[in-house]
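Asker: So you can see what is in the structure, the chains are spelled out below.
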Amino acid sequence: MDIGFLIAISLKCLVIIAVFAGIGGYITVIERKILAFMQRRLGPMNMGPYGMLQIIPDMIKLLTKEDVVPAGAIKPIFKIAPVISVIATFTALSAIPLLPEFTIFGITVSPIIADINIGILFVLAVGSTAMYGPLLAGISSNNKWSLIGGARAVSQMISFEVIAALSLLAPIMMIGSLSLIDINNYQVGGIQNWLIFTQPIAFILFMIAIFAETNRTPFDLIEFEAEIVSGYATEYSGLRWGIFFVAEYAAMIIASFLVSIIFLGGFNSLWIIPGGVMILLKVAFLIFLFLWTRAAWPHIRPDQLMEFCWKILMPLAILNILITGFILIL
Amino acid sequence: MLKNKKTYIKIDEKIKSLTPTEKFVQVIDRTFSKDLFVGLGIVVKRMIFFKREKHTLDYPNEKYEMSTRYRALHKLMRLLDSGQNSCISCGLCEKICIADCIRIETKKSEDGRKEMLDYSINLNRCIYCGFCAEVCPELAIVHGQDYENASEQRIHYTDKTTLLTPLDEFLDGKQIEFTGYGSPSIDADDKIKKTPLSY
Chain A
1 MDIGFLIAIS LKCLVIIAVF AGIGGYITVI ERKILAFMQR RLGPMNMGPY GMLQIIPDMI
61 KLLTKEDVVP AGAIKPIFKI APVISVIATF TALSAIPLLP EFTIFGITVS PIIADINIGI
121 LFVLAVGSTA MYGPLLAGIS SNNKWSLIGG ARAVSQMISF EVIAALSLLA PIMMIGSLSL
181 IDINNYQVGG IQNWLIFTQP IAFILFMIAI FAETNRTPFD LIEFEAEIVS GYATEYSGLR
241 WGIFFVAEYA AMIIASFLVS IIFLGGFNSL WIIPGGVMIL LKVAFLIFLF LWTRAAWPHI
301 RPDQLMEFCW KILMPLAILN ILITGFILIL
Chain B
1 MLKNKKTYIK IDEKIKSLTP TEKFVQVIDR TFSKDLFVGL GIVVKRMIFF KREKHTLDYP
61 NEKYEMSTRY RALHKLMRLL DSGQNSCISC GLCEKICIAD CIRIETKKSE DGRKEMLDYS
121 INLNRCIYCG FCAEVCPELA IVHGQDYENA SEQRIHYTDK TTLLTPLDEF LDGKQIEFTG
181 YGSPSIDADD KIKKTPLSY
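Residue numbers (full-length UniProt numbering), protein chains in the order written: chain A, 1 to 330; chain B, 1 to 199.
Mixed in with the good hints, there may be bad ones.
What the hints assert, rightly or not - The calculated PhoX-like cross-link candidates involving lysine-lysine, where the alpha carbons are at most 25 Å apart (straight line), are: (1) B/Lys95 x B/Lys23; (2) B/Lys75 x B/Lys16; (3) A/Lys61 x A/Lys75; (4) B/Lys51 x B/Lys114; (5) B/Lys23 x A/Lys311; (6) B/Lys34 x A/Lys311.
Since the hints were derived computationally from the structure, they do not count as laboratory data.
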């Protein structure tokens, strides 16, 4: 391991963290604008053209706000919970190939930090440790809403980890590899090779699972305002709350990348559109879908969620694996 | 008396009892219905046709135009031809005010006419019922459309100097004429006829 390799990796890490934290913050503005348009409102209008620079006052507000630690909270855990959340989320990012390989200034750059052969497993496993953030925040906050939010977070995420893993098992069986790059290369050559057409049930199940894992609207019980104020983040303020937010939106981007790589053809070029643009388009659409459903759909009750998970989705996932296995054998 | 009793729609009679097969079909239909996607479609239509569908204003830049019958802060009007205060100090508004918030101070001037010294409305008490504007025989006290009432003190709105259109503003032709109920219509000039001299 020479020094140049180390420098290259650290540079990549820095760029990816900076870009993703920035985009994660910026999605909050885009979400507000899109929600506003869908609800016939204007949304933020004053900063920049059409309110598009609203992120600047938001950042200033978050950075300068007082960092309140409530009395009775377990201080070290309370303080470290958002950091755990964001570190786990960004670590999961390291095994995802973000773009195809490209050459810049005569150097070939592969935009993946660690090309490991168990990519999916790593992303799912590390991504689910982000659950410790909400859990620890809920336990240490000394607040009943936080506690309920944390408990819901754990129960929901553990349940839907099962669905996510089981639904991904069928495509993995077809491809025979856990590496995200192998999965991407399996879908080379046009739309008809995308895994969404050979594995539609797995796609739907995985979509539902990531909606639950990223706490987006049909399954946003963890921080549903009408029931439990703000869930695990109730007692947080200022920068720590902002870190939770960035982690949440970064998790959304990671989920979008996973879906577009595994099911929607990844970064293979299509017709005349180059692969890099292709994957960004798909990720952008998936993020839009996250915001879109938030404007349109109601959310479901916790008991309905659990029933939905264990009584409908898990049998379906297992059935899907069985059928795929039989077809592969025959 | 109800002549035709069939105009009533009885909801109970409209619901037909379903056979088990129909029930099963209904359950399947509702479970796999397109409703969720219809919802997505409706919402995205709102976004695409946003310019047409917009329900809010970009407030400080755009403002809502109030109806002429809207009862906002009072105004005292000047006569268009002479520029004098239209108020003849008859005191009707003072008497009809149910919140008892109007006070007019008058005196007999040198030319023998009633002269208004002060006209004040206590906005602590005013309920904006509009009786004063309705009873006024001269359309002197009217309700304006100015709904932005933020000020440091209530006195900024309530005495004669602020209620009455300032004279220089009036001379510039900036007095906004009251067009609400009781005011002469826009085409009033065309409707005027010569008084017949012989009856």
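Asker: None of the hints should be skipped; say for each whether it holds.
Answerer: Hint by hint, here is what the structure shows:
Among the hinted pairs, B/Lys95 with B/Lys23 is inconsistent with the structure: their alpha-carbon atoms are about 71 Å apart, more than 25 Å. Restraint check: the Cα-Cα separation between B/Lys75 and B/Lys16 comes to about 63 Å, which exceeds 25 Å; the hinted pair is violated. Simply put, A/Lys61 and A/Lys75 have alpha-carbon atoms about 23 Å apart, close enough for the 25 Å limit, and the pair holds. Of the supplied pair hints, the one linking B/Lys51 and B/Lys114 is violated, its CA atoms being roughly 56 Å apart against a limit of 25 Å.
At roughly 22 Å between alpha-carbon atoms, B/Lys23 and A/Lys311 fall within 25 Å of each other, so this suggested pair holds. A C-alpha spacing of about 22 Å is found between B/Lys34 and A/Lys311, which places the hinted pair at or below 25 Å, so the restraint holds.
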